[in-house]
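Colleague: Given the coordinates of chain G, assemble chain W onto it according to the supplied hints.
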Amino acid sequence: MHLSRTARTALRIGAGLGFAVIYVPLLLVLVNSLNPDRTASWPPPGLTVRWWSVAAHNSGARDALWVSVKAGLGATAVALVLGTLIAFAVARHRFFGRDTVSFIVVLPIALPGIVTGIALNSAFSTVLEPLGVGLGLFTVIVGHATFCIVVVFNNVVARLRRTAGSYEEAAMDLGATSFRAFVDITFPLVRSALLAGGLLAFALSFDEIVTTFTAGPGIETLPIWIFGNMTRPQQAPVVNVVAAVLVLLSVIPIYLAQRLSADTATSSRV
Amino acid sequence: MTTDLPTAAGRGTVRRLAGALHRRPRLRLALLLTAPLLWLAVLYLGSLAVLFVSAFWTTDSFTSQVVKVWSTDNFHALFTTPVFRQVVLRSVGVALAVTALCAVIAFPVAFYTARVARPKWRPLLVVAILTPLWASYLVKVYAWRLILSEGGLADWMLAPFGLSGPGYGLPATVLTLTYLWLPYMILPIHTALEQLPASLLDASADLGARPGRTFRSVVLPMVLPSVAAGSVFTFSLSLGDYITVQIVGGKTQLIGNLVYSNIELNLPMAAALGTVPVVVIVLYLLAIRRTGALNSL
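Chains G and W are the protein sequences, given in the same order.
Numbering follows our numbering, with no gaps: position 265 of the first sequence is 265.
Position in the second sequence counted from 1, then plus 1000, gives you our numbering.
Hints were generated in silico from the structure; no laboratory data involved.
There's no promise every hint is true.
Unchecked claim - Between beta-carbon pairs, the in silico distance windows are:
id	chain 1	residue 1	chain 2	residue 2	range
1	W	Val1042	G	Leu256	54 to 64 Å
2	W	Arg1026	G	Val127	58 to 68 Å
3	W	Ala1198	G	Leu256	28 to 38 Å
4	W	Val1042	G	Gly165	23 to 33 Å
In this text, a Cβ means the ideal position worked out from N, Cα and C, and glycines have one as well.
Okay, chain G solo, but in the shape it has when bound (with noise of 0.2 Å):
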């Protein structure tokens, strides 16, 4: 389409206003971080890296990081596990009731996660608790693990797809047997899905709210701190803090995705 050069100009200011919305938001939040007031109003009144070194040292914002830390890990852990699982037995077996499995895994994410936070927290309390286990730490993984295995399944099935069967079954000729074939054929090919697979679970777990009502009383993860916080005018500089570090620790995850995504170009062409 020939555009005139108004409308391609217009389009570049559209576009740029566009971007400028995406970027203005966290921008504030990374000068906030330096606000010396406690009330968000603009433009400070100066800068000061005072409340950087006041966070540093607040037990509640790194206990809460820790617990997100260990949930994030265990969340992983077991997506990858139950996905991978999956992913094997639906892409490389026909049986019945085939479609419905890979819906079933969507189904965490796709249902409002207030609905599969009740849920999980109403079954807690009632199967849990007689039995004397209490909500905690287990339950906010379990929780997680929950919506996590459908982002390792999508990665790994997908691979499995692009990646056919029969270098598998040519190593079994060459007289591997299944598992040496799976360690040295299959588990190669599959080793980057998995590495995406599980970074996504983790950026997906570290980042839950909406279904942390799995967690008991006594235990925080970042979140929920942040959440609890946020409204407390005394809290203020410190959320300031957490926030503008959290928008600095997501280019790690940007960054090892296009990693990757390098990586993944290049395996998939074998």
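Modeller: Just chain W now, with coordinates in the frame of chain G:
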């Protein structure tokens, strides 16, 4: 490569086991599926089923204890109480408004990144669209709480025009949700526009169509399925949200936080209310499926 199985006996066992598994695909399948299906079908679907059954129970109004007596009172209340009806309509309205706003904002951005920007910049622009998806959900909502706060960025920018920002409330909720889900709308539109064959556009121009006509008759019909695909995300994520409205919504009640506020005191009512977004989302998905948009997800 031969050192990891030390003894001949061990190697024989492994080989026999591998052979046995290889000859029994059903057994392999059972081993693969048992653990995940126990988790998803028993734990997850089981909890969901119990929740929806509990929507038919009631609560003792004095003790807040759940009374396991079958009744349709909750659903009766859901359909007859004006407040609930209002909240449901408002929530669907918010989800539709967010979807429409996302589509309107996403289109020029996607058109620029897919067809106007220089080809060598395009992959970088896609990364720039994706980047905010990795930033924390809560931080993004918090950013809008800062922007819309009294004397915040919105007030400051509108002050020269003699206006002030919308403050916290329903418009703030719509704005924030639009911001959150915008990338989910830009990406499918970008992909569709990128795949649009240039020859079609040339043909349209050769036949005498001006750009506006080409846009209406060629571009729009081919991109609409992608808009529908993007709308699945913007619509269902907005409808299920209850955090954003608590942070920037002021006193606004949406279906999500109505469910949330009932959890402690009246779980059966919360469960009954929770069926509403599920049913609406399923209906929406069925409607979208008729357009064939789900295949382009």
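Colleague: Are valine 1042(W) and glycine 165(G) spaced within 23 to 33 Å by their CB atoms?
Modeller: Because 30 Å falls inside the window, the suggested range holds.
Colleague: State, for the Cβ atoms of valine 1042(W) and leucine 256(G), whether the hinted interval 54 to 64 Å holds or is violated.
Modeller: violated (34 Å)
Colleague: Does the Cβ pair arginine 1026(W), valine 127(G) satisfy 58 to 68 Å?
Modeller: violated (31 Å)
Colleague: Go ahead and decide if the range 28 to 38 Å is satisfied by the Cβ distance of alanine 1198(W) to leucine 256(G).
Modeller: Given range 28 to 38 Å: holds, Cβ gap about 35 Å.
Checked against the numbered hints given earlier, the structure breaks hints 1, 2 and satisfies all the rest.
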